[in-house]
Amino acid sequence: MTELTLSQALLLIIWGVLVAVDLVSVPQAMICRPLVAGTVAGWIAGDVEAGLRVGVLFELFALDVLPIGAVRYPDYGPATVAAAALSAGAPWELGLGVSGALGLVLAVLGDWSLQLVRRINARAIQHHAAALAAGEGPAIRRLQYSGLARDAARGAALTTLGLLAGWLLANSLRIDRATALGLTLVCVGSALSAAVTGAIRSAGRDARLRWLLGGAVVGLILAVLR
Amino acid sequence: MNGSWRALLRLFAVQGTWNYERMLGVGMGYAAEPLLEDLKTVDPVRHSEAVVRSTDFFNCHPNLAGLALGAIARAEYDAMPGQQIVRLRTALCSPLGSLGDQLFWAGLVPGLSGLALAAVVLGAGWWAIAGYLLAYNLVRLGTARWALKTGLDTGMQVGAAIGRSWVTRWIPRIGVAAGFAVGLAVPLVAAWSLEGIGTVGAVGTLAVAATGVVVTRWFGPALTVIRFALLAMVLLLVFRWIGL
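Line by line, the protein sequences give chains A and B.
No gaps in the numbering here: position 24 of the first sequence is 24 in the numbering used here, and each next residue is one more.
No gaps in the numbering here: position 156 of the second sequence is 382 in the numbering used here, and each next residue is one more.
I should point out that these hints are in silico values taken from the structure, not numbers from a laboratory.
Each residue gets a CB set at the ideal place from its N, CA and C atoms; glycine is no exception.
Mixed in with the good hints there might be a few duds.
Short derived list, chain B residues pointing at chain A, Cβ under 7 Å [claimed, not checked]: (1) Leu-235; (2) Gln-241; (3) Trp-244; (4) Asp-327; (5) Ala-332; (6) Pro-336; (7) Leu-343; (8) Ile-355; (9) Gly-381; (10) Gln-383; (11) Ala-387; (12) Ser-391; (13) Phe-406; (14) Thr-442.
Calculated Cβ distances over 10 Å to all of chain A for the following chain B residues [unchecked claim]: (15) Ser-230; (16) Glu-259; (17) Thr-281; (18) Ala-305; (19) Pro-307; (20) Val-312; (21) Asn-363; (22) Arg-366; (23) Arg-371; (24) Ala-386; (25) Arg-390; (26) Pro-398; (27) Ala-448; (28) Ile-452; (29) Leu-462.
Could you put the whole structure together from the sequences, leaning on the hints where they help?
Structure follows, in structure tokens:
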């Protein structure tokens with residue numbers, strides 16, 4: 001991890017808040033996608049290439065997520081921001097594994113924090129039940145804005161925690177080159193398995209499966225020709 | 227009916243108070259507020275009832291919520307019986323959820339992700355990111371505007387309007403395109419990620435990937451991909467610690 005200046009750290013936290021609220025609350029413009037969140041975080045931290053690598057890694061993990069109905073899912077946004085900051089300045093093959101591990105733990109915490117916000121939202125609604133039953137507009141607006149504020153606070157807390165954990169890891173973790181490389185390879189392998197699992201599950205057994213296989217063949221040919 | 231632009235803007239925050247009790251309910255009430263304003267002067271009692279109904283339980287895909295919002299607002303202005311409006315609201319939950327999930331979460335988003343990943347590997351860099359955001363948000367904005375307008379125009383007939391719409395026709399097309407895009411991206415990203423790693427490292431990574439696919443499918447929700455990844459990393463650290 002390169003030493004972040006105070007303004008870089010603040011910008012990363014602001015970016016973490018934006019990607020956290022984008023996941024569910026507002027505006028769902030897909031800046032929360034790891035590829036976007038990671039690349040911008042890498043740019044803020046001064047290493048676009050590292051951010052792009054982390055973004056690609058977590059984008060593969062995110063392809064396993066199908067956020068339908070009320071299903072629980074990891075929040076890869078702030079996780080990717082913190083992981084990209086940790087990865088900045090290090091050779092990608094040595095930094096990606098440790099950053100990936102930090103990001104995965106944060107993504108799980110993100111899932112847990114989303115549930116917490118949803119439970120607090122429900123309690124706030126119960127608290128304002130009488131006002132809602134009376135059709136009071138100000139109560140609706142208050143509930144809406146406080147829900148958004150809670151989600152923003154969640155994003156700020158997650159990103160700050162991630163940056164602090166990244167700073168601690170960068171300054172205290174001592175692992176040899178082979179172990180760091182091994183962690184990267186395990187992380188990349190797991191991310192590929194996530195993308196394949198997600199793709200197969202979404203494909204079913206119909207035309208989409210055939211197109212998935214067709215795409216894989218074209219991808220293989222392009223990969224060889226590159 | 228005024229306030230449709232404000233309602234459209236508010237629809238982008240329709241999940242701002244998402245919870246397991248009313249789900250999108252309060253967000254729908256928030257978005258409905260500008261649409262129902264005119265009703266306050268025409269029929270204050272009806273307006274009050276409409277606002278109460280607008281915050282009740284509701285769930286659907288956020289990008290198609292405008293269909294329900296517009297249809298319900300239209301029905302309130304058409305003075306349809308309250309029970310009928312509640313039934314319409316309930317009836318729209320599942321179809322709008324299912325259509326939106328197929329169109330966006332299982333179609334457009336993974337499809338654009340796959341294309342963006344492939345483009346990054348092929349050297350597009352920032353252009354891939356910009357293209358991803360631009361393409362998604364153009365579709366998203368267009369859909370949101372169309373949804374609200376269709377709901378407002380059709381009212382209680384919104385079900386038939388959805389059945390005739392482009393949404394049902396485009397879902398299978400976007401689905402196969404998404405399948406192709408993700409299929410295209412995976413080998414490209416794998417090759418890109420393993421460049422310069424060496425044969426042993428590459429074989430090891432692909433072995434981890436294959437094991438991950440098999441065991442996460444075998445164990446189902448008990449072993450998510452994240453748990454598998456963290457477990458594999460802990461195992462690696464243990465093996466390295468004991469000198470393997």
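Checking against the hints above, which ones are violated?
1, 9, 10, 11, 12, 16, 17, 21, 22, 26, 28, 29
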